[in-house]
Amino acid sequence: MISMMGNCIAWTKKKREPRRAVTLVILGIDNAGKTVATKGFQGEPVEDVAPTVGFDVAEFKFQKFDITLYDLGGRKNFRDVWHNYLAEVHGVIYVIDSSNHERIEETRLALKNLIEHPCIGGKPILILANKQDLDNALDELDICDRLNLEELVNQNKCPTRVELCSALSGTGKKMDKPIKEGMLWLLERISGDFESLGERVNKEKEAQRQREAEERKLKRERVRKIKEEREKKE
Amino acid sequence: MGLLSLLRKLKSSPDKELRILLLGLDNAGKTTILKHLASEDISHIMPTQGFNIKSVSSDGFKLNVWDIGGQRNIRPYWRNYFENTDILVYVIDSADQKRFEETGAELGELLEEEKLGGVPVLIYANKQDLFNASSPGEISEGLDLSQIRDHAWQIQPCSAITGEGVREGMDWVFKNIKSGKGKKK
Ligand SMILES: Nc1nc2c(ncn2[C@@H]2O[C@H](COP(=O)(O)OP(=O)(O)OP(=O)(O)O)[C@@H](O)[C@H]2O)c(=O)[nH]1
Ligand SMILES: Nc1nc2c(ncn2[C@@H]2O[C@H](COP(=O)(O)OP(=O)(O)OP(=O)(O)O)[C@@H](O)[C@H]2O)c(=O)[nH]1
Ligand SMILES: [Mg+2]
Ligand SMILES: [Mg+2]
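Protein chains in written order, with this note's numbering: chain P, 38 to 271; chain B, 4 to 188.
Read the hints as simulated data drawn from the structure, not as lab findings. In this text, a Cβ means the ideal position worked out from N, Cα and C, and glycines have one as well. Nothing false has been slipped in among the hints.
Think about it this way: if two alpha-carbon atoms lie no more than 27 Å apart in a straight line, the pair counts; the simulated DSSO-like pairs of lysine-lysine are: (1) P/K101 - P/K214; (2) P/K217 - B/K178; (3) B/K101 - P/K262; (4) P/K264 - P/K254; (5) B/K178 - P/K113; (6) P/K98 - B/K178; (7) P/K149 - P/K194.
So the derived list for chain P, only partly shown, Cβ under 10 Å to chain B, looks like this: (8) D85; (9) P88; (10) T89; (11) V90; (12) G91; (13) F92; (14) Y107; (15) D108; (16) N114; (17) V118; (18) H120; (19) N121; (20) E252; (21) R257.
The following block holds chain B by itself, in its conformation from the complex (with noise of 0.2 Å):
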């Protein structure tokens, strides 16, 4: 399912203009999805040194994501980007229980910033396909997702290579803006 179908879903929302942020570690696996949203070749991708963004109209309607490098060195530029963000879209590589700690606290770290208040958090977690891919529950422990409490959150698990479980993370994201929580309060 490619942007264009997804938007005209969103047809009925009120909102003009969405800007959804991608962030997540190096190597999670953001601009393997972002692609694959919009139809795009995966076969060759490399590591983002800045970002990403595509953006796509239908009936007056804007979907704008942005999809920024998460290497060590770039993360600190990822707050350049918080302002007016709608959905924090934060991508995480299930099968990589290694790095759970520290991806934790970079998302525990984000979502401390004032910008960033109130936005629901959709949860890719990415590489499903691999065989020692983590449960939601595992992740939500690994990540301590519980300390969340100011936000909404929910973990769609997915592969950006089948592309299974994208759509799903997707549609709650529109689920969730209808709701109006996509809103700041």
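The shape of chain P in the complex, shown without the other chains (with noise of 0.2 Å):
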């Protein structure tokens, strides 16, 4: 495990905390093992899961929090997507194929345009670099200098963990340990600065809201007059 401006907070004080509600997604490239790594969280078979090319939201207990966990699909033609769902969030996992060599170099450019999203910047990040049961997985080091992590989050000023993991090992109450453990600690880094980091949120998502409902409006008077015209023509 490597921790990166992260200090953890001291144990005791979580206890005390009330519950609280967080909102985290799940990114990577395609066949990382996002949609396996979310079943797990929620206790669900991690067996024959189908690519995503779409949504789907996963809501689960974890210690003291509700998470509501966005698992999007990471395909190529489809990573465009990604950037709606950034205002929202408190915090990053960004799940890694360890062992395929011939993606790392794109794995790391998606890591990059996603890191450095005005709404990600100042986020944790936890980095599941998950598939260490095969045989030819690179290890944290070779992640880090692969993903040029270190520059990248500093810059960005990302608290980030890496965690050397399996999602294919377990799910529920036997779920990989590193996961569980990677998960406390994003959760421990965003309680430790729930108020500005909600404020934040609050605010970014307003923006959003804004920006869409402007746009919506467009839209629809756009869908509107191409109804009309066609009525005429019925």
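Hints given; two lone chains; assemble the complex.
Here it is in structure tokens:
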């Protein structure tokens, strides 16, 4: 485990804190293991998942947290969709297929684009270096190096932690230990900074909502015109 | 792959009867997809004025697919079919970018319906055999799918003419039913 810019908050402090609603997103390129990890959190079977080209939402309790986790597809021609979900999240889980050396550069670029998004800088990021059960899996130093992680997260002020894991190894109570620990770290970072993070999320969410409301208004207008024209023709 | 072989995959599922609702604008390719699933001839298909149902039984299991006409004057009747839907399959013409906003708006309205609460949505991005068909990312933005937050949704690029991708879409449907998401919350 490697932590950057991250200090642990005293365990005891957390115990006194109220239940908290936290929104997270799990990202990474296709085939990394995002859906398997998500099922693991939900305690659902992790075998036999289908590639995601879309959106799913997992709601579950994790310690004192009520978590909403967005699981999005990571395919190249779907990654442009990620930005729609970034304003409202408190933190990010980024999953990597550590065994796929050919795609590590693609993984780096997708992570770079993500971290450099204005809604992500400053937010905590848990990196799951997944598929460690496979022989050729990269170790954490390799991963930090190949992702140019140190420079990337420091420049964008993202507290970051890397966990070597194997999402396929268990679900629910039998879930992979490093993933559980990584999640605990992520939630601690979030709750340690909950007020300012929450304020920021609300502000950025509201800005996005206004932008979208404008766009939808214009769009509705356009659809209405098209419908009217068609009605005239019919 | 016909409906029967699809059904065999479902044997382990606890549900006894599945209701799949096939919706989308006129000319999207709903009826062609349905015929393809049922391994029927797809050379003479007319716009649907009412609805088509295909229903197949196997091992006490029944899969009912309802295909309803998408013309504008028929759309108000869609709501008559919402009850007990396990999965919504929404078909779009991926090459008809001019209608993305309209079809996105129709889908958005559909999903506000209480009776479809929590139902997973498979979007068949049909007519991928046409050269100007849009990619899943473009479709998601064009239809404004990111506004959908209380339904799982999946885009499956396909062509009802060549059959490519149709089966993969059904695989997603089965996996989402197995995990219990097809049931109403
Ligand atoms: N060996 C091994 N395989 C894994 C592990 N985690 C996931 N996989 C496999 O990797 C494949 C992809 O997993 P998914 O969870 O579907 O990947 P994803 O990141 O959700 O991919 P997209 O939905 O396409 O973006 C599946 O075949 C999983 O079984 C792991 O820890 N070890
Ligand atoms: N190129 C191409 N044409 C398709 C495809 N699927 C359907 N079509 C054509 O699109 C037209 C409309 O197909 P239908 O299946 O009747 O569409 P529908 O959605 O049932 O339309 P309504 O019944 O009016 O709601 C037909 O001419 C089909 O041959 C496809 O994958 N590729
Ligand atoms: Mg996935
Ligand atoms: Mg039809």
